[in-house]
Amino acid sequence: MKGKALVGIGVAVLLIFIGININNGLVEKEEIVESAWAQVENQYQRRADLVPNLVNTVKGAANFEQETLTAVIEARSKATSVNLSADDLNDPAKLEQFQQAQAQLSGSLSRLLVSVERYPELKANANFRDLQAQLEGTENRITTERKRFNDAARSYNTAIRKFPTSIFANLGGFERKAYFEADAGAEQAPTVDFSN
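All residue numbers for the sequence shown refer to this note's numbering, where the first residue is 1 and numbers rise by one.
Please note that a few of the clues may not be correct.
Pairwise CB distance ranges (calculated) [said to hold, decoys possible]:
(1) K78 <-> E181: 16 to 26 Å
(2) P92 <-> N127: 36 to 46 Å
(3) E181 <-> N21: 24 to 34 Å
(4) D87 <-> A5: 28 to 38 Å
Think of the hints as simulated: they come from the structure by calculation, not from any bench. Backbone N, C-alpha and C define an ideal beta-carbon position, used for all residues, glycine too.
Between the sequences and the hints, there should be enough to build the whole structure, so can you do that?
Structure representation (structure tokens):
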């Protein structure tokens, strides 16, 4: 009887150590996801910080379309008002709302940069060129950080679904993280028209 009790205790201790190890691994993966999310937010914030300088530089151009500037300012305001905490990463709807606000700002900035083509004095402005280069670099960083976030979320989501980790993940309350997805219409190639 004493031997069976020792075996039972040994199995229980082993299961506890396995559970602790699995839990610690999931906590580490979850922290990686949250760290990747912080980097995404950091790059979006960098872009939001560049927008006022870009708008002010463009405002200096005579006869620049006020409607375009207003759209950029409003899109920036909306994008910075949609906040997403690390706890919200389990909610695909909240991530989608955040992504839509950021996409609206991206679209407004694209329209602004396209309309600048009609203003040679603005294109020649060194401040504008510098801000445009910084903005383009930031857009590339955002894309990179979104990919890193998705990679971290995939690794975490895969881990919490694998057996036997899934048992401990359910007990520990670990939930799937949402992914960044392509914007609606991204599968359509843009129309290029050189007739103008």
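These are the hints, each one checked on the structure:
1. K78 <-> E181: 16 to 26 Å: 19 Å, holds
2. P92 <-> N127: 36 to 46 Å: With a Cβ separation near 40 Å, P92 and N127 satisfy 36 to 46 Å, so the hint holds.
3. E181 <-> N21: 24 to 34 Å: 33 Å, holds
4. D87 <-> A5: 28 to 38 Å: 43 Å, violated
The structure fails hint 4 only (numbered hints given earlier).
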